[in-house]
Amino acid sequence: MPYLIWALMRDCMPRRWWFGFFAGLLLATVLSFDTNLGAHSLGSYLAYVSVFPLVLLFRCGWVLQQRTSQGWPHQEKLRDSRGYKAPLVEFFGLSTLLLIIYVCASIPCWWNPYPSPPASAGYYPVTIHFGANDYWLFDLHSPVPASSTLLLTLDWSQVQNPEQDVWIQDPNGRKLQAIPGELLRWPLSPAEAKEGKMALHSLPKVGVELRRPLTRLEIPRPGMQQGPHLLLLQFLFFWPLFAMLLAWHRRGKLSGTLSAWTCFALGSLAAMPMQATDLDSGPLALLARAVLLLKLALPPVEGLLAAGARMERLAFTSAATSISGWLVLGALSLWLACKEKRPVQP
Amino acid sequence: MSTATALILDNLVLHRGGKRLLGPLSLNLAAGQKGYLAGGNGAGKTTLMETICGFLPTVEGRIQTATPLGYVPQEPLFPLHLHCQDYLTQLFHLGCNRSMNCTQAVQEALHRFQLAAYGKHPIARLSRGWRQRLNLAQAWLGNPQLLLLDEPQTALDPEGMDCLQAAIQQTTAAVLIVAPEKSGCSKLAPLLGTLSVEAPCLI
Amino acid sequence: MNPPPLSARILATTVGGLALAGWMLGMTLPLGTRPWQGAQSWWNERRFHQAAADQDYPTLLALGERDLQLTGRGLLFDYAIYRVAYGASAPSYAHLPADALSWARLGLATLEKHLPEVPNPWAGLQTQAYTLVERVFPLSHRQQDLDAGLHALADRWAGSGGPTASSPGLGALYRSWLQVAPRQRPLFLLQKMQGPTSEQNL
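Residue numbers (this note's numbering), protein chains in the order written: chain P, 2 to 347; chain R, 1057 to 1259; chain E, 431 to 632.
Pulled out of the complex, with its shape left as it was, chain P reads as follows (with noise of 0.2 Å):
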């Protein structure tokens, strides 16, 4: 097995194409952390690497199509009698191929010869769904990371004696201080990460008001230590779409290009934010929630993803349930994949 996985790698990255490799990662290193040159960001980073995989994917797509047109079904049918052994190899050297690349996309967050950007925070608008009577309910859409803190301006201008004590509270009892000029740092717990919703409210009620347009949620970007953890979640996303890639293209006997396309449709959707979304009625409507039904069937693992100028949104919150369920339905397509209908031999 180990000279069909070799001739496997060989044949989805021949020599040339790992010159191309280290020169996009050496480019994509340059474009992300030069402090002139780049965007001087870890999620730009992680953006540039994800292309990698990509390539890869329908890269293995058009080797599978050229394996076909050259024989190895019929051959295999002749010679691998319980049939598993020909899409193990597949995958194993596929696998073998996707850890190298982010083994090998890790080395920049070890070893950068450019200064590492500097800790910051991205911010994101938050909606407040009702905010009378000093009492407000805050929307985050979706779950959050736990390290999240809600950034509230307060307008203490119609307080009769601002020097009195006011507390900001939620429904729990969790409250802190309000002072004047100052921002209320809020820290989510976990629970209120996970839910994407929360209530807070004045007490006493002095006619406190809540600046809505200025109110913000504070996540911290990961820094550069954590870029291994990503890249390592990234190819968890990765993985198990090319097991799937097999199961299309053996069981579901589709051509390796059509699979590899089917494929990123899959992961598209699997990698596309959960947003809250009006939907009007109509045909539009009606197709939307068509994918939206198709988005729900697949384990909610867009954290996976996270990557670009706003990963710290996305970074981490992927469940540990969520991503078990992502790989067994990649152990799922494996299966499928190594069970392809064969004539009964006696």
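It is possible that some hints are incorrect.
[Stated by the list, open to error] Label pairs and their computed distance ranges (CB to CB):
no., chain 1, residue 1, chain 2, residue 2, range
1, P, L38, E, P521, 46 to 52 Å
2, E, Q480, P, A192, 46 to 52 Å
3, E, L505, P, H130, 55 to 61 Å
4, P, L38, R, L1136, 42 to 48 Å
5, P, K195, E, Q480, 40 to 46 Å
[As the list claims (entries may be wrong)] Rough simulated footprint, nothing fancy, chain P against chain E, three-plus residues with beta-carbon under 8 Å:
no., segment
6, 464-470
7, 542-554
8, 560-568
9, 585-591
[To be verified] Covered, in the sense of this in silico footprint (three residues per stretch, anywhere, with C-beta under 8 Å from a C-beta of chain R), are these stretches of chain P:
no., segment
10, 67-74
11, 231-242
12, 256-268
Rather than coming from a laboratory, the hints here were simulated on the basis of the structure. Glycine included, each C-beta is placed from N, C-alpha and C at the ideal position.
Let chain P serve as the given structure and place chains R and E on it in line with the hints.
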């Protein structure tokens, strides 16, 4: 299935494109027995071979084969970018018989059809005749118990035919050849019968 | 290879079609979008610096908005607003008063459009306050411009300048402002904007 029998076709009816093509066909091939079925164009030779190999579904009748199988397709498909040796090594590992030595098995297959000098050549650079030799070599790889040869003489020069003849004589596997009449295959194995669309075939 | 079964083709077409439809609806974020956005923002930033050097203000604003949309960071946007609203309307640029007013209003209109979504609205409030009080009001002489500017400044103080520019001095100023009688508050703000303890000196 008796260990002395390499192939049993029991009232096999061949279909292609949803239409009945040939049969019912019955045939018993003992272990080590060599035989040749003749048939004209469109008689169902390739369909028969692909059905025995399991590439096409068996609609009517029964097939039993000894394993492993070696198959020489009429129109071979090759990964043209690979070297001959590399190709055969990959095929060996695909069906990996752990009791055999891979390098030795590949070298034997190459030598049997005088391909040893082309071991490091990309398949793309081989002529049609040499590709046919490679096609034969892959079928002999890994000591198959049953060899199915679909028009094996195609594109072979007299020297190649001699190699093929010698290989068939030396092998302990059962060999079934299908080819048109007067194709020169009668000297490779005795004629078992003629495939004909018109009449049932019982051999 | 046998042709794919009808069920597999239907399933693949449905999955692919729905994903494509979702993407077309702007609801999905297909794989590869983020690297593409990264490359776009990189190129956008190059053009932004060029536009800043060329003093091409409309382009500067457009590219700032584009950067806000692509990265959500708002640094370029804040700078574009500052350059157009406060910088281009400065007397030292020797624009005609009408031109200065026009640039200031254009910058402020763009800021107001995006204020609810920018990551650092407190920086925008500072630009808004100083532009309205120091640039727009002297040219327009409209009381509501002055009031809006002072109101923006009070809001900025209420949040002590925002999380990235938190200053105890601003908080103390806000508390002092609250001690002043409501009628005297605009004057207090004006004094602090122009006096030796103005925000720029804190």
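Status of the hints after comparison with the structure:
no.: 1; hint: P:L38 to E:P521: 46 to 52 Å; verdict: violated (37 Å)
no.: 2; hint: E:Q480 to P:A192: 46 to 52 Å; verdict: holds (48 Å)
no.: 3; hint: E:L505 to P:H130: 55 to 61 Å; verdict: violated (30 Å)
no.: 4; hint: P:L38 to R:L1136: 42 to 48 Å; verdict: holds (43 Å)
no.: 5; hint: P:K195 to E:Q480: 40 to 46 Å; verdict: holds (45 Å)
no.: 6; hint: 464-470; verdict: holds (count 5)
no.: 7; hint: 542-554; verdict: holds (count 7)
no.: 8; hint: 560-568; verdict: violated (count 0)
no.: 9; hint: 585-591; verdict: holds (count 5)
no.: 10; hint: 67-74; verdict: holds (count 6)
no.: 11; hint: 231-242; verdict: violated (count 0)
no.: 12; hint: 256-268; verdict: violated (count 0)
Of the numbered hints stated above, those contradicted by the structure are hints 1, 3, 8, 11 and 12, listed in ascending order.
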